[in-house]
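Undergrad: Based on the provided sequences and hints, a complete structural model is requested.
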Amino acid sequence: MEAFTEKAIKVIRNIPPGRVMTYGQIASHAGSPRGARQVARLLHSMSAKYELPWHRVINAQGKISFQDTDNRLSQTKLLQNEGVEVCSLGKIDLKHYRHDPGHDAF
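Counting in our numbering, the sequence shown runs from 1389 upward without gaps.
Hints listed in this document are in silico derivations from the structure and should not be mistaken for laboratory results.
Be aware that one or more of the hints could be misleading.
Unchecked claim - Mimicking DSBU-like on lysine-lysine, the simulated pairs with C-alpha atoms at most 35 Å apart in a straight line are:
#: 1; residue 1: LYS1483; residue 2: LYS1437
#: 2; residue 1: LYS1437; residue 2: LYS1479
#: 3; residue 1: LYS1465; residue 2: LYS1398
#: 4; residue 1: LYS1437; residue 2: LYS1451
#: 5; residue 1: LYS1395; residue 2: LYS1465
#: 6; residue 1: LYS1479; residue 2: LYS1395
As the list claims (entries may be wrong) - Pairwise CB distance ranges (calculated):
#: 7; residue 1: ASP1458; residue 2: GLY1419; range: 30 to 36 Å
#: 8; residue 1: ASP1488; residue 2: PHE1392; range: 18 to 24 Å
#: 9; residue 1: LYS1437; residue 2: HIS1484; range: 29 to 35 Å
#: 10; residue 1: THR1457; residue 2: ASP1488; range: 16 to 22 Å
#: 11; residue 1: ALA1391; residue 2: GLN1468; range: 33 to 39 Å
#: 12; residue 1: GLN1468; residue 2: ASP1488; range: 17 to 23 Å
#: 13; residue 1: HIS1432; residue 2: LYS1479; range: 17 to 23 Å
#: 14; residue 1: GLY1490; residue 2: ASP1458; range: 32 to 38 Å
Ideal Cβ positions, reconstructed from N, Cα and C, are used throughout, including at glycine.
TA: Structure (structure tokens):
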């Protein structure tokens, strides 16, 4: 496994319940500030295998990225069950719910 992948998995695993991080934020903490798409691919292919809290990852605008209704509703419900407020447009207030582990955390 590549170093970036290992670091990204660690960052994702450490997002606490009730908090979110963006794809780009995770990529930056994992050492590749422009690697947001890599994080998306990693979540798609490895979430089940590594039991990652995929639902805590959203886009830079604070929105759920899924276009398909079932996945979008699933992510919304999982976040709401953790106390995250999701508006009807699938948007989360990053000022309130964004997790910032700090630069030395990983």
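Undergrad: State for each hint whether it applies.
TA: Here is what the structure says about each hint:
1. LYS1483 - LYS1437: holds (31 Å)
2. LYS1437 - LYS1479: Roughly 27 Å between the alpha carbons, so the hint for LYS1437 and LYS1479 holds.
3. LYS1465 - LYS1398: holds (24 Å)
4. LYS1437 - LYS1451: holds (25 Å)
5. LYS1395 - LYS1465: holds (27 Å)
6. LYS1479 - LYS1395: holds (27 Å)
7. ASP1458 - GLY1419: 30 to 36 Å: Holds - the Cβ-Cβ distance for ASP1458 and GLY1419, about 33 Å, lies within 30 to 36 Å.
8. ASP1488 - PHE1392: 18 to 24 Å: Holds, at about 20 Å.
9. LYS1437 - HIS1484: 29 to 35 Å: Between LYS1437 and HIS1484, where Cβ atoms are some 31 Å apart, the hint holds.
10. THR1457 - ASP1488: 16 to 22 Å: Violated: the Cβ-Cβ distance is about 31 Å, outside 16 to 22 Å.
11. ALA1391 - GLN1468: 33 to 39 Å: With Cβ atoms ~34 Å apart, the hint holds.
12. GLN1468 - ASP1488: 17 to 23 Å: For GLN1468 and ASP1488 the Cβ distance comes to about 22 Å; the hint holds.
13. HIS1432 - LYS1479: 17 to 23 Å: holds (22 Å)
14. GLY1490 - ASP1458: 32 to 38 Å: Holds - the Cβ-Cβ distance for GLY1490 and ASP1458, about 35 Å, lies within 32 to 38 Å.
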